[in-house]
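Could you use the hints to bring the two separately framed chains together as a complex?
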Amino acid sequence: MSSFKIFDIAGSGMSAQSVRLNTVASNLANADSVSSTPQGVYRARHPVFRANLPAPGDNSSAGVSVAGIAESKAAPETRYDPGNPLADAQGYVYAPSVNVVEEMTDMISASRSYQNNVEVLSTTRDLMLATLKLGQ
Amino acid sequence: MANRIDNFLGVHAQALTLESRRTQLLAANIANVDTPNYKARDLDFKAALANAAGAEGGALPLRATHGTHLQGNAGAASNDPALLYRVPMAPALDGNTVDEQLEQAAFAENSVRYQATLTLLGGKLRSLMTAITGQ
Chain A
279 MSSFKIFDIA GSGMSAQSVR LNTVASNLAN ADSVSSTPQG VYRARHPVFR
329 ANLPAPGDNS SAGVSVAGIA ESKAAPETRY DPGNPLADAQ GYVYAPSVNV
379 VEEMTDMISA SRSYQNNVEV LSTTRDLMLA TLKLGQ
Chain B
4 MANRIDNFLG VHAQALTLES RRTQLLAANI ANVDTPNYKA RDLDFKAALA
54 NAAGAEGGAL PLRATHGTHL QGNAGAASND PALLYRVPMA PALDGNTVDE
104 QLEQAAFAEN SVRYQATLTL LGGKLRSLMT AITGQ
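Protein chains in written order, with the working numbering: chain A, 279 to 414; chain B, 4 to 138.
For reference, chain B alone in the conformation it holds in the complex (with noise of 0.2 Å):
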């Protein structure tokens, strides 16, 4: 029943762990802009995304010739997405590569979509509560 569920609330359930996962790196950037020798990581969201959404239902099954081969879990990767160092523009001499503006405009972004995938969420859950209740 919670497989359904978590069917119906489609890719935003995963969107909003993402988004999540990433205003922690971006904070931990933040955090760190003074840092000698910081490196400043972000995660590519759209890759995230699409390998968390792939995983879900379209990940192609391993092919078992004997009883005794395990099947593979193509989603259990999808909690844990690459991460990635950001191209510094202009690193500093300290060997700190954050940059504070794109860093802040960075979290602004994401908090905004944070925000929009709660927006839909929220209106799923909505309309199921409608379908429940009959109103």
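Extracted from the complex, chain A is given alone in its bound form (with noise of 0.2 Å):
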């Protein structure tokens, strides 16, 4: 029954974006978390997503998968803080460099792209629900 793939493709895509708001809030929360070396900082986390194509000669539509998270390679931002019990024998700390405003707007458009499928999800229910009230 081909109306029953929607669910699964508006469940694949509302998943991708809970794993996305997901690594926003690691890197919110690991925002601050200073190191005392550059390689045992955090690194920021982004999804990478993954359409889930059908086999070739198949027909139907692609729900979404993450095909893995991706670890950012910014350098780590190096802060004096002599009096932090983390600093070096320099007095340096090591911050990740996770930018917060690109974390907030990240997580706004996966809130937005999140309700968009739950909004397909509940209007496809109210149709196939009218449509097994067909001639009552």
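Keep in mind the hints are simulated off the structure, nothing from the lab.
Where hints are given, some of them may not hold.
[To be verified] Below, computed lysine-lysine pairings styled on DSSO-like, alpha-carbon distance capped at 27 Å: (1) A:LYS411 - B:LYS127; (2) A:LYS283 - B:LYS42; (3) A:LYS283 - B:LYS49; (4) A:LYS411 - A:LYS283; (5) B:LYS127 - B:LYS42.
Okay, here's the thing in structure tokens:
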């Protein structure tokens, strides 16, 4: 039954967007997690989406999945903070290069996309329930 | 007998199938709004419906000049309308061509069409019931 695929598609979209919200939450929470070495510092994570394309010849539509989580390669920020217990011999701590403004806009975009998928789901459910009542 | 009911329901039964298919396509576009390199797809509803309606009654039969010639079935294509790619107005840098607002508008339009078709089908079925029960 092809109509039920819509639930899978919208569900895959919701799941992908919630992974994105998860990474945003993780990045924001760790925005100030300093470290004593540049290697040990937290790196911002962002999911990479991929369309679940059907096999050639199959005319059905694509859902979406998370292909992987990419870690930011931006250099950590060096801060001079000799009073910090995590400071190294020179008095420096290393902060993750999380761009808080970027994360906030990413969060808004993810939540809008999530809402869109929920809207698709609820409209489809209404239409299918109306179809079941056909002829009554 | 089933064929007569099909005839009675007219184009609405096929329209319902097409609209359901289009809902699926638009749902996939909306789900992939942030997927890099995803290309938005849709179908030409008018052409697909004309194709489905034409295949039902108006298609010309193939001329068979030999007993072993096969009769082409023009109706077979009607369940599988041609998928097209949307022409993007402002493609994103990541190669995605989904326009969120456009897809939402198309989805809303399509669900209204679906409900209209359901209403018309319901009316036809009710008049059929009236004819059967004679009340």
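Quick rundown of the hints versus the structure:
1. A:LYS411 - B:LYS127: holds (14 Å)
2. A:LYS283 - B:LYS42: holds (19 Å)
3. A:LYS283 - B:LYS49: holds (23 Å)
4. A:LYS411 - A:LYS283: Holds, because 20 Å separates the two Cα atoms, which is no more than 27 Å.
5. B:LYS127 - B:LYS42: violated (39 Å)
Violated hint: 5 only; the structure is consistent with all others.
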